[in-house]
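Protein chains in written order, with the numbering used here: chain V, 8 to 492; chain R, 17 to 481.
Check before you lean on any hint, since a few could be wrong.
[Unchecked claim] Calculated cross-link-like contacts (lysine-lysine; reagent style PhoX-like; alpha-carbon spacing at most 25 Å):
1. R:195 <-> V:218
2. R:219 <-> R:99
3. V:211 <-> R:158
4. V:218 <-> R:62
5. V:278 <-> V:218
6. R:82 <-> V:218
7. R:195 <-> R:49
8. V:368 <-> V:20
9. V:278 <-> R:82
10. R:49 <-> V:278
11. R:158 <-> V:278
12. R:88 <-> V:293
13. V:278 <-> R:62
14. V:295 <-> R:450
15. V:278 <-> R:42
16. R:434 <-> R:450
17. R:415 <-> R:376
[Said to hold, decoys possible] A short list of chain V residues far from chain R (calculated; beta carbon distances all over 10 Å):
18. 121
19. 132
20. 151
21. 165
22. 246
23. 365
In short, the hints are calculated from the structure, not lab data.
Bear in mind the structure is a predicted one, so any value in this text is a computation, not a measurement.
We treat Cβ as the ideally placed atom computed from N, Cα and C, and that holds for glycine.
Here is what each chain is made of, one letter per residue.
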Amino acid sequence: MGRSYVIGEYSEKYLKKLKAEERYGTTGILLGQVTLAKTYIVFAARTPLKDQAELPPENPNEMNASDIEWVSEHARQVARMLPGGILVLGVFLIRPSKMTKEEAHDIFRKLATAVEAAVAKERLWNFTEDETAERIVLQVYTDSKKMKVQAYDLHNPQTPIKLLECKSSSLTAPWQIVEATINVDVNIPVPVTAERQFDKESLKGLNNWAKQIMQCSYLINGQFKEPESLLGEGSKKKATAEVQFLTAPVMIIDGEVDALIEDCGSSVVVKGTVRCRAYLHGSKSKVKDAIQALKRDVLNTVFIRCQMVFEDQVLNKNVEGDSSSLKAPHRIFASVLPSGVAFCDYGFADEGNKEQEERYKELLDYELNPAQLDRTEEVMLEEMGTEESDTLGRKDDQDTTETGFKYKDTQELPKEPEEEHEHSTDEVAPSFDIAFAATYSDTSAEHILEAAVEFARGVAAAAGVGVIAVAVSVIYFGNFIGASV
Amino acid sequence: MALPPDTEYLLFRIKGGIGLEGFLSKIDEASIKTVFQEAFNELMSKINSNAFTLTGTNGSFYMWPKTHVSTKPSELQENASCKSILKYVTTEVSDLHQQDSMEQSSKVLLKIINLQIQFEMTRPQIVGRIVIQRRNTQTHYKLTLPVDVLVFANPEDPWGMLQDHFTDAVITQLASMSKCIQRYTKGKTVPIPQAYHFKLPNKPTLTTVIYPAGISDETLEPQRKELHAELGLTSVPYLRRPMAFNFPGEEVVSDYLLNVHEHLPLPDPEQFKIYLLSGSYEFHHCMQDNENDEGWGALYHCLQIIISWFKYQGYTAKPVPTLKELQEMLSNMNKDFAKVVMAEEWLKAEHLQAVLRHFKIINSLTEIRSKAEEPRELVPHFRHHGTPIVIWNKVIFSKPKAYILLGMAEDAKLNTRKVLTLSAMYTGPDEIPKIIEEAVGWKGKEFWDEMELFSLILPQRPMGV
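Taking the hints into account, I'd like the entire structure generated from these sequences.
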């Protein structure tokens, strides 16, 4: 039957607060979990303001492509902060009272679609056929207590839009947690044809690894459990379940006689240990859902770390060089909701809490207390692992400091972006100019280039966090447009 | 030394495809060999770690041989007898024919437990931050090792000890596979090492040999000679690849029944010394495949049986010819043969030998006149060559007959002999019970009386192992 939507206490309170601040036209992101019958909204965060600190257009109908892109970019960055089981569900809007009854369908659908597309770029996995493609736009009415959900089926644009009520529920009861520590060891041959865009090509090699992960077998708390059985069965209520993953046996191909030995232009090896986590709502979650959510988290966290390293490389133009060994950031969780659901962020070895606090404020509009930070992975890497001394670590990061890489102390979180981030924007934008122009001589792409660079400047200024990520995504975005023109 | 008969042994078969993958910067033969050696060393230490996991084929039982941990810890303790595992895994049944130094034949029952190799990703040996390494101009290598390890166990052996055997056995096989690659890698071609299991006469259990894929049995003769010397085997082949032991579910697929004589009980080993052919053959006979050849086709089928034996022992890659193909072959050889073929006449020695020559099967022909002399040279033939023998009698005074001889049994005390015969004249269906009843049998003096004046063709096994 129809899907029902449940909104949690935190999100309701937050949206009411925004409404009270009379920030009409504010848009933001909704986060939560999609289960078979219900979708749970656990968190909401307004999209940060653009550079001129201008308020968003009062009438959503006035949103233009750049505004939609802005929201999608926010969604994409937030997606990097999510543990397994939690997704970007869609967008919310504080509906101005003057808005007419005609719903801005077109814009809303575009928003929902753009957000999902942006978030999908961060994934090495796809939804299965039986998973819903419904994403939402939640409208918060200023003149009443109403909150209406408009649900769009992104796979079938012809499906009529559903207008639903949102049920309230506290959602503060603890969620089930599954965790695992995984060793990653992936060898990716990069064909000779892939040249400068080595990051994209190289990361394609992760697809094979991703498939293997999705197929591997598992044990929960040291025992085998049937996929259809309940996760919470037969064990202490709501205790964190530790999962073990085992590689599925490799198929032996009949008739294969010799080893494969082939030339490749270069090679990329991704090696190391990551800590993964997924959250499941309620006590009726099945083992197979928990395992799927956790496996997807494995893929997400490795992919995101690789992307971050490569984005940094592109920015610093460290593309050439015969061989390089780049350290990826480690993961830090922060338990944000009363139900225990945590978000995560990535940091390098020598960073303090300030970066985390800034990021949470900017992207999630949440005041983080350093006590909430869970640095288990970092501690594990230091104690058990092959962490080199800080001096070496620092060297890797030296190159990135000047360009305003997010994890350095030098960043101040801007309220009036123009003044404080001159140097970083200057460094960022021109290099993109050049790079972009060099690859696309097509003049029709020029004006898009202009807009894109403008955007880069704006975004770079406003979001102290994820400068590089955003800027590079512009290249991708630009490339996408260039290609289709 | 043979395993006492009538005991059931546990045979653990540990299988899995293990991927070896990485990069090389130089691609000359020496660098390739070095890289593979290193990869194997790394793999062997991975097996010797707690990442190495074995699971039953039904997917719910897991064990870690290194740490002696399993998903059934209370039931499978260190001192529990290893047969306790039978509750958690599925098994198959097979048997091994034993031939000890007295050349007695007996059977040992095996319960086969198949285990899959898996590696745990969540218990890393070395924990480290994710590092992304990039290198230019590389060569990528990738190889899937078809690991197939056998561990025999007495059901009463302690479980704890057995797990160490598993680890050791897998490491031993990897070391052999590494040696195989080192020996047979030429230039940029690295053959995949494959495991074959053989039943050897002087060993109670199966022996595993690693051979490189894609290299013919002929080329591998030097390796086999070395193995024969190591294992104390005579110069009779035992280690040719087609002679490998067939596990249940992996039997050779053939349109014809194989080794039908194995369904027949042997004569009392207390009384008789038994000498059987070695290896496998297909049973071809009259009225098979809708051929209407009753009365004249038996010797064609004897040829098919002989050729099939050479095929299964890997001496010829040519398929066993059909009746029509044999007729064509003979007709093409010479005009007189063609006439015989056309007339559907009983074949003669010259025809048989001509076909065998075509298949490069060397043979010796004997014509024995006196019926009273049971040819004793059959015993050394079976011992040395182990090939099936064609016997047929002259046509003039009696109905022609043709048989294949598969073995001989000698009673030293009473000085009597029996011979195992397979009738190519059988016209019944391809069903074992009927075949046992009518086509195969141990026969004594009455057989020789029946055959009167007969001829024998003794195919020779090619030299070498």
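Hint check:
no.: 1; hint: R:195 <-> V:218; verdict: violated, 32 Å
no.: 2; hint: R:219 <-> R:99; verdict: holds, 23 Å
no.: 3; hint: V:211 <-> R:158; verdict: holds, 18 Å
no.: 4; hint: V:218 <-> R:62; verdict: holds, 23 Å
no.: 5; hint: V:278 <-> V:218; verdict: holds, 17 Å
no.: 6; hint: R:82 <-> V:218; verdict: violated, 28 Å
no.: 7; hint: R:195 <-> R:49; verdict: holds, 10 Å
no.: 8; hint: V:368 <-> V:20; verdict: holds, 17 Å
no.: 9; hint: V:278 <-> R:82; verdict: holds, 24 Å
no.: 10; hint: R:49 <-> V:278; verdict: holds, 24 Å
no.: 11; hint: R:158 <-> V:278; verdict: holds, 17 Å
no.: 12; hint: R:88 <-> V:293; verdict: holds, 23 Å
no.: 13; hint: V:278 <-> R:62; verdict: holds, 16 Å
no.: 14; hint: V:295 <-> R:450; verdict: violated, 53 Å
no.: 15; hint: V:278 <-> R:42; verdict: holds, 22 Å
no.: 16; hint: R:434 <-> R:450; verdict: holds, 21 Å
no.: 17; hint: R:415 <-> R:376; verdict: violated, 31 Å
no.: 18; hint: 121; verdict: holds, 30 Å
no.: 19; hint: 132; verdict: holds, 17 Å
no.: 20; hint: 151; verdict: holds, 49 Å
no.: 21; hint: 165; verdict: holds, 42 Å
no.: 22; hint: 246; verdict: holds, 18 Å
no.: 23; hint: 365; verdict: holds, 23 Å
When each numbered hint is compared with the structure, violations occur for hints 1, 6, 14 and 17.
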